[in-house]
Every structure is written in structure tokens, then in C-alpha cells.
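Enquirer: What follows is the residue order along each chain.
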Amino acid sequence: MLRRFIYSREGILSMIVLAMFLAVGTISPDFISVSNSISIFNDTSILIMLALGQMLVILTRCIDLSVAANVAFTGMVVAMVNQYFPTLNMFVLMLLALGIGAFLGAINGLFVWLLKVPSIVITLGTMSIYRGATFLLSDGAWVNSHQMSEAFIGLPRYEILSIPVLAWMAIITILLAFWTMKFSVWGRNFYSAGGNPMAAFYSGVNVGKVQFYAFLVSGTLAGLCGYLWVSRFAVAYVDVANGFELQVIAACVIGGVSIVGGLGTVVGCVIGALFIGVVNNALPIIGVSPFWQMAISGLVIIIAVVANASSDKDKARIILRKPEASVGSAPSQSH
Amino acid sequence: MNKAIFSLKKVSKVFPGVKALDGVDLHLYPGQVTALLGENGAGKSTLVKTMTGIYQPDGGDIIFNGKPVQFHSPHDSHALGITAIHQETVLFDDLTVAENIFLGNYPMKKGPMTKYFSIDWSAMVTRSQDILSSINAHMDPNQILRELSIGQKHMVGIARALSVDAKVVILDEPTAALSHHEIHELYELVNTLKQQGKAILFITHKFDEIFALADRYTVFRDGCYVGEGFIKDTNEGQLVEMMVARSIAATYPKKDVEIGETLLEVSNLCHTTEFANISFSLKKGEILGVYGLVGSGRTEVMQALFGTTDHVTGTVKMNGKEVIIHSPKDAIENGIVYVPEERQKQGIVLELPIYQNISLPQMDRLAKHGNLDQESEMSLARQYCERLQVKASCWEEKVMNLSGGNQQKVVIAKWLATNPKVIILDEPTKGIDIGSKAAVHEFMSELVDSGLAVIMVSSELPEIMGMSDRILVMNEGLIVSELSRADATPEKVVSLATGGHVTC
Chain H
42 MLRRFIYSRE
52 GILSMIVLAM
62 FLAVGTISPD
72 FISVSNSISI
82 FNDTSILIML
92 ALGQMLVILT
102 RCIDLSVAAN
112 VAFTGMVVAM
122 VNQYFPTLNM
132 FVLMLLALGI
142 GAFLGAINGL
152 FVWLLKVPSI
162 VITLGTMSIY
172 RGATFLLSDG
182 AWVNSHQMSE
192 AFIGLPRYEI
202 LSIPVLAWMA
212 IITILLAFWT
222 MKFSVWGRNF
232 YSAGGNPMAA
242 FYSGVNVGKV
252 QFYAFLVSGT
262 LAGLCGYLWV
272 SRFAVAYVDV
282 ANGFELQVIA
292 ACVIGGVSIV
302 GGLGTVVGCV
312 IGALFIGVVN
322 NALPIIGVSP
332 FWQMAISGLV
342 IIIAVVANAS
352 SDKDKARIIL
362 RKPEASVGSA
372 PSQSH
Chain U
40 MNKAIFSLKK
50 VSKVFPGVKA
60 LDGVDLHLYP
70 GQVTALLGEN
80 GAGKSTLVKT
90 MTGIYQPDGG
100 DIIFNGKPVQ
110 FHSPHDSHAL
120 GITAIHQETV
130 LFDDLTVAEN
140 IFLGNYPMKK
150 GPMTKYFSID
160 WSAMVTRSQD
170 ILSSINAHMD
180 PNQILRELSI
190 GQKHMVGIAR
200 ALSVDAKVVI
210 LDEPTAALSH
220 HEIHELYELV
230 NTLKQQGKAI
240 LFITHKFDEI
250 FALADRYTVF
260 RDGCYVGEGF
270 IKDTNEGQLV
280 EMMVARSIAA
290 TYPKKDVEIG
300 ETLLEVSNLC
310 HTTEFANISF
320 SLKKGEILGV
330 YGLVGSGRTE
340 VMQALFGTTD
350 HVTGTVKMNG
360 KEVIIHSPKD
370 AIENGIVYVP
380 EERQKQGIVL
390 ELPIYQNISL
400 PQMDRLAKHG
410 NLDQESEMSL
420 ARQYCERLQV
430 KASCWEEKVM
440 NLSGGNQQKV
450 VIAKWLATNP
460 KVIILDEPTK
470 GIDIGSKAAV
480 HEFMSELVDS
490 GLAVIMVSSE
500 LPEIMGMSDR
510 ILVMNEGLIV
520 SELSRADATP
530 EKVVSLATGG
540 HVTC
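Chains H and U, in that order, give the protein sequences.
Taken in order, the first sequence gives residues 42 to 376; the numbers are from my numbering.
Taken in order, the second sequence gives residues 40 to 543; the numbers are from my numbering.
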């Protein structure tokens, strides 16, 4: 079991992330302390959650470019609600964030499902619309930390077992995603609908509906992350998370989610996000300009894709396992 | 009589496991139309590809104008003036008529520099006009192709084929997609080409076209040359006999199975454009053969039964009770499954393990409150893959790691695992070598023996004749005849399917 993991894509990638982590530790020992590790994970939490949502979408042969705009819009709404109704219960506010995110995701999903419009076109459009709506809503104004309630800012920072709630949310999302994708019919459908839509259709899977669910989940998680983002940075403005959708997609691709659909695991996706998180955190420590981070992520994406492509090529088909394995061996039993 | 301009002598072409052409002869004469006849799988398409340089023959000679020639690529045959018009011509919807005609072969300006990169647009338009008017097609060369009708597009395809100085023109089932009026125009065109002295090879399934147009015929069967002659010396019955004659019963493992009560009753199934008035019944233990040419609507009817087609009216009864089928899911729940023709493409998810492919159509049945039960998935896979002898190291193996034959078995295992009552097999032996075909047929016999009912859609006549208890013959979206095993003769079936009348 362990050996299989080590040789899998996820295994190799996690060892690369670990090696990077330790290498930076030799330069700056503080980097590999427990508290810093938690802080890196906490930093990466939003990316992990969004990448898991995006993974479902990519599995079904679609793409969601509107996640970052969804984060900005939902973040702005909850920040403004908090500004005008500071006493509103945080639980209600979170439900509101989830609901708005789900609604925006459902719009994408319905277009893809019912109108059969390519998702890249739909989400390119909604990306601008959601971002524009954020501007119209706020009139370009910021919601700053002093306009937010204490509970609003404090919740993600509240520590349980010395781990912040933000990180706990990522952990719960990962566990839920892992369980869903492995053990539920619902999760399996994402793989079959994306792996071979035609075969899935003939087997009674409603491929369009599965794609709708993918967008719904991606949007819901984006809504949650919208609150978490503005709370964590204690500010809401139009350009929140601008361009972040590309990092989200990058995390998926680095984590081995096939851009043509049907292939990808929760573990791989999380490690892909952690890779970006570790690079982001390590660069300032070893004295490299953070602007290199984009270039490094880009390079890793290309390496990951090339590695995937060549490993697919090498894949030997088991044609001659046994002499009688060739086609034509007749079914012998009668029943 | 003049001499043949283009001849094939003892040409062979071998594919792994199949001899597609086995020493065939063919002669084409200037100013004459030669019809090539043969069933599906007789080797007609392979022949066209050999003539146009897409395939290189493994033996025999190709003779052009009395000299042996070799085609290393389509370009070589094109350069000699051999051109083919296919059933579905590949054209570009967003280019103009003239651009489509000269694509890849644009007339260039004459200057010392400009001849490499400057297209002579005005020459292109005038020459397009000349070609179009020579085939009586009246359209503007500057029109975008998308705006034309299917028949007009076809004319552009023909104009494209004639834009080179064609000496040999191959028409591969050119009328398949045309309306009645357009077919008439095509006839005129063929006569024009004839008068221009071009040698024409005409491939079609329709006898009325052969007798209306052709001067000569050549018949192939199973990749072998059967005979040739003049159309005026022959008749339909004689040609059909040449196409199908062979011993059939000998090679088919048809079992005597007791036929039970009626299981499936289809009445008056109609679709706006694909088929109409489809009524038939199917009994337990029966193999119902459905024969028809490609495009006769047979696959469309089966897909409608499986719930993949919209706008279908009519009733379907299972065990006397009416069932409503709007999606494959409904069909599966009612015990009807459809094994599609493209089994790899439409049947399996390569990225998923074997056992997950097996459970795919019935995950809801296997799951408890939406949670998958891996144990029951595995046992189902074990049971059916062992029954079909799928060779794999374990059932967690991804399907993409299996050989093609084993992938096909996984598809069939998947459907059998749903425990169906009616199984529809679309072209069950297409793309399978001869040894495996026998295994598939034996397996069909076993299926009906175990109480299933089988609908077998096939364009292979021997298979239909050899395996069916009853045969439905389809032509142009209608069931033209229902024959019992005793009544059916190959001649009758082919004649009905091609729109002819039964004379024998």
C-alpha cells in the first residue's frame, strides 16, 4: 500500500513538496517548525478548498473561470451585511455566503447543462459579470477592518487545538471530498461523466446534470471562501482575489487532475495546492522576489503536463498476458 | 472497344488478422461507367483507398495508361488525375465556394517573387465558375459554404474533385445523402463526365442507380473478385446471386432454443425524420435479426428503444405492460440494454477500474443511501468477468490497460451484469477477426438459452441469415418486411433492403 503510494503521481509530488520544505529548512530552521507548518497550511486553506471545487468541474471536462470573481462578490456582500447589521449571527452570515456562492455556481451550471454552451465561454462571461456586480454593489468603495464586527474578523482566526478555524474548514472540506469521491455514487459520477461522457450516458448517467453539480459545488465553496478571504485580510474591495482562478486551476493541474477530464484525486489536488503554498511561503525566506512565484508555478505546470503526457505514452497495454488472453476465447460456462 | 485506362491486377491488401483484398481485378474504361458491387465488408472502401494512394497494396499491380505505377501517397494518385468523391465530402463551412474548390491547390500569381505566396484570387474565381458551369451547378463562387444546401455542398465537393485534370473519377456512394431531385442532377452530371471521356467508378448499393447509369459491373465478395461484365447482359437477380452466394448454415452455432411467450412489443414507433411505423414483437429465447443498409434507420430505432432519442412517439410494452422510456436509465430499469456499435468509444470509461465500469449502469441499485458498497461492486465484477473470461491481473486494474478484445468483453459483462431481459446488440462482430466472431455467435446462442431475448442489428448478411430466428428488413426508415428463418433467402433479404422487389 505504502509502496504503491510512493510510486504514484501523488507520492512523487508529495515527496517533492516535502523535499522543498526541508531544503528551505536548512537555510532557515524556523521554516520547518510546527507553528510555521500550520501557518503555511492555514495560508493555503482557501486555495485548497477552491481547488477541490475546481477539480470536480475539470473532471467533467469543464472549467470554472468565475471562482475568483465569485469570491469577490460573495465576500463583498457578507462584508456589507456585516457592516450594516453588525449583530447578525455569524452562523447566518456563513449560510448566506454559502447560498450566494451556490447561486452564482448554479447559474454557470444551468447554462452548461441546459443550453450546452462551452463552460469556458460561460464562465469567462460570468467572471466579468460577477466582478462588475461587485463594483456596482459597493460603488467601488472598500469595507475596511474597522467597519467589520469582531466576530466577523475573529472567527477564522479562532484556534481549536492550536489550529485556526480557517485551517479546520479546509481539513473538513478535504475529508468530505475524499469520502465523497471514493465512496458515493454522486462522486463516482464525476469520474464516469468526464472519463467518457458517451459511455456514461449509455449507462444511464445524466452527464449534464453531473456537470451542473460540479459547478454548484465549485460555486458553494467559492462563496464560503469569499467570507474567509475578506475576513482573513480584513478588507473587502472590488479587486479581491483578482486572477486567483489561475492559481486554483494551476493547483489542480500540478496535482495531476487531467485537463481533459476524468482523471484526478483529492489527495493529488491538495498536494498540488500545498506545492503552490510552500513555494509562496518559501521564496521570501530564501530571499527570492515573490514575483518569481508566478514563473515557478508556470514552469511546474509545464513540467507536470509534459510528465503526464509522456507517462501516458509509455503505458504498456497488457495484450499478451497469457496466450489464451487474446480475443476470441469463447465463454465456456453455460448457465 | 477502347482500352482500359486504369487497371488493378491481382491486388491484395492485408490488415492484421484480415485479408481485406485478395487478388482482385478491376478495369476502368474512358467514357464508361463501371459499377462496383458488393456487400458491406466486401472490400470496396479498401479498394478506393488503394486506388487513391491512402493505402499501399501488399501485392499485385496498378496500371495506368498501360504503365505500372506506384502510389506512395494520395498526392501521387492525384497528380495522375485520379480523384474520388466520397459519401461525405470533407469541406470547410466557413470558406467560400472557390476557396473550397482550390484548397491546397490555389492558383498563384505568375511574378518571380509572388508565385510563392500570392494567391491569384481573380483566376480562382473565374476557374471556379468554369468548373461549376461545366457540371451545371449554378452558384456564386464567393458564397460562404455554410449558406448552401447539402446538395449544393455536394456539387462543390464534386467541383473540387474535378479542379484537377481528372481522368478517373471515383464516386463512393454519392447519393446516400441526397434528395430525389439532387440525385437526378447527379445522374446528369455523371453523363456529362462520361461524354468528357472520363473513366468513372460508381459504388452504390442501389440497383436502380446501377441500371440507370452503369455500362459495366464488377462484383466483389469477402475481398475477392467474383466477376465482371456488361450491364446490358445481366439482371438484378444474377447480380444479387453473385454478391451473396456462399454456404451459410455451416459456420453458425445456432442452437435450438425453446421460444417462450412474448416479452417485448413495439407498436407504431415514429420519429419526425428518422423512422416511422415501426412495429414488432420479441419473444423469450428468440434472436431477432435486423438487417438494413447503413442509413436505413436501424440503429436509430434501437437507440429510441433505449431512450437516447427525443421526439419519439408510439408504445413499448414489456410483458404486456406499457413502459415509458425517456432515458437509458429507464430502459435499464425495465430490463432493456443496448450494446452500441462503437463499443470502446460508447461503452467504457478507460480511466476507471474494471469493477467500476461493471457497476456503472446500476450504481443506484448497488448503493445504500447513495454510498457505494465496494464489496458488492467487486463481487459483481468477479462474477461476470469470470463468466466472460476477461483477462486482467485484478479487477481494480484500469480498463485502459487491457487489450482491445478484453475491453469489449468488459462492455458486454457490464450489460449482462444488469440482468437484462432484452439485449440489443448493434453490429456485434464489427471489427472482430473471424475466430472471435464464432465466439460471439456462440455466446449469443448461450444468451437466449439462458432465457434472454436478443435483437441483433447487423449489416453482415451471413450473420443475419445464420443466427436469426426472424429477420426484420429495414429500408429508408421503414420495416419493409418480416421474414421467418425458413422463408428468408439471402437474395430476398438483400433485394428488400436495397429497395428492390422480391422476384425469387
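FYI, nobody ran anything at the bench for these hints, they're computed from the structure.
Quick caveat: nothing in here was measured; it's all calculated off a predicted structure.
Ideal Cβ positions, reconstructed from N, Cα and C, are used throughout, including at glycine.
One or more of the hints may lead you astray.
Listed below are the simulated DSS-like cross-link pairs for lysine-lysine, each with C-alpha atoms no more than 25 angstroms apart in a straight line [claimed, not checked]:
1) U:K293 <-> U:K469
2) U:K245 <-> U:K293
3) U:K469 <-> H:K250
4) H:K157 <-> U:K368
5) U:K368 <-> H:K223
6) U:K407 <-> H:K250
7) H:K250 <-> U:K368
8) H:K223 <-> U:K437
9) U:K368 <-> U:K293
10) U:K106 <-> H:K223
11) U:K106 <-> U:K233
Have a look at the derived ranges for each label pair, beta carbon to beta carbon [stated by the list, open to error]:
12) H:I344 <-> U:D488: 52 to 60 angstroms
13) H:V301 <-> U:E435: 19 to 27 angstroms
14) U:D403 <-> H:K157: 23 to 31 angstroms
15) H:K157 <-> U:E515: 27 to 35 angstroms
16) H:V347 <-> U:H177: 51 to 59 angstroms
17) H:W333 <-> U:Q109: 54 to 62 angstroms
Enquirer: Just to be sure I understand the hint, the distance between the Cβ atoms of K157 (chain H) and E515 (chain U) should be within 27 to 35 angstroms; is that true here?
Expert: 30 angstroms Cβ-Cβ, so the 27 to 35 angstroms window holds.
Enquirer: Falls inside 54 to 62 angstroms, the C-beta gap from W333 (chain H) to Q109 (chain U)?
Expert: For Q109 (chain U) against W333 (chain H), whose Cβ atoms are near 58 angstroms apart, the range 54 to 62 angstroms holds.
Enquirer: Hint check: K368 (chain U) vs K223 (chain H), CA-CA at most 25 angstroms. Holds or violated?
Expert: 23 angstroms, holds
Enquirer: Hint check: K223 (chain H) vs K437 (chain U), CA-CA at most 25 angstroms. Holds or violated?
Expert: Holds, at roughly 15 angstroms.
Enquirer: Compare the distance between the alpha carbons of K157 (chain H) and K368 (chain U) with 25 angstroms, and conclude whether the hinted pair is satisfied.
Expert: 21 angstroms, holds
Enquirer: For the pair we were handed, K368 (chain U) and K293 (chain U), check the Cα-Cα distance against 25 angstroms.
Expert: 32 angstroms, violated
Enquirer: Between K469 (chain U) and K250 (chain H), does the CA-CA distance stay at or below 25 angstroms?
Expert: Distance of about 33 angstroms is beyond 25 angstroms: violated.
Enquirer: Assess, step by step, whether the Cα of K293 (chain U) is no farther than 25 angstroms from the Cα of K469 (chain U), and give holds or violated.
Expert: OK: K293 (chain U) and K469 (chain U) at ~19 angstroms, within 25 angstroms.
Enquirer: Starting from the hint 52 to 60 angstroms, judge whether the C-beta atoms of I344 (chain H) and D488 (chain U) obey it.
Expert: Because 56 angstroms falls inside the window, the suggested range holds.
Enquirer: Between D403 (chain U) and K157 (chain H), does the C-beta distance stay in 23 to 31 angstroms?
Expert: 25 angstroms, holds
Enquirer: Just to be sure I understand the hint, the distance between the Cβ atoms of V301 (chain H) and E435 (chain U) should be within 19 to 27 angstroms; is that true here?
Expert: This hint holds: roughly 23 angstroms between Cβ atoms.
Enquirer: Does the structure keep K407 (chain U) and K250 (chain H) at a Cα separation of 25 angstroms or less?
Expert: 21 angstroms, holds
The earlier numbered hints that this structure contradicts are 2, 3, 9 and 10.
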